[in-house]
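Enquirer: Sequence:
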Amino acid sequence: MARTSTRDGGHDETSSAAGSAESDGPMDRVASLGKDIGAYIRQQRNHAKISLRQLSKLAGVSNPYLSQIERGLRKPSAEILQQIAKGLRISAEALYVQAGILDRPVGGPVVDAVRADASLTERQKQVLLDVYESFLRENQGMEAAGEQRPDRKHKE
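Residue numbers 1 to 156, in this note's numbering, belong to the letters of the sequence shown in order.
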């Protein structure tokens with residue numbers, strides 16, 4: 001794995017095909033993650049209705065480099081992902097998860113939907129998730145104490 005500098009000050013990790021006769025090995029998974037993060041960034045950019053050039057300016061990442069990331073040709077560093085997240089107005093954590101830098105947080109489809117909603121600010125997302133998690137904790141506490149939640153009481 002070689003680490004090279006990019007024009008925008010970030011680093012990019014590339015792998016050489018030499019000596020890698022193994023298919024679906026770690027390097028193949030890394031290549032797949034590069035394509036996945038690129039597709040995710042493109043999806044988020046399209047959802048936000050901004051052009052590649054606009055995102056390039058917002059994120060402070062060169063247009064050609066951003067294009068290569070979206071096409072899965074380059075794997076961006078955590079710093080570049082953070083800049084892209086800022087330009088897209090999404091959490092850097094969401095990009096880190098997609099890139100395989102962080103483990104996917106537990107939470108299921110509700111948490112994923114809130115995190116993916118580009119129409120919400122980061123603060124709004126966090127408030128929603130905090131309220132949601134507090135409800136889950138409250139319900140788990142009631143179930144652990146043997147109480148029924150008010151919405152699950154049997155009417156007689």
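Treat the hints as calculated values from the structure; they're not laboratory data.
It cannot be assumed that every hint is accurate.
[Said to hold, decoys possible] Heads up, simulated DSS-like pairs for lysine-lysine below, C-alpha to C-alpha not over 25 angstroms straight-line: (1) K57 / K86; (2) K35 / K57; (3) K86 / K125; (4) K35 / K86; (5) K125 / K49.
Since the model is a prediction, treat every value here as computed from it, not as a measurement.
Enquirer: Now, for every hint given, state plainly whether the structure supports it.
Expert: Against the structure, the hints:
no., hint, verdict
1, K57 / K86, "holds, 11 angstroms"
2, K35 / K57, "holds, 22 angstroms"
3, K86 / K125, "holds, 15 angstroms"
4, K35 / K86, "holds, 20 angstroms"
5, K125 / K49, "holds, 20 angstroms"
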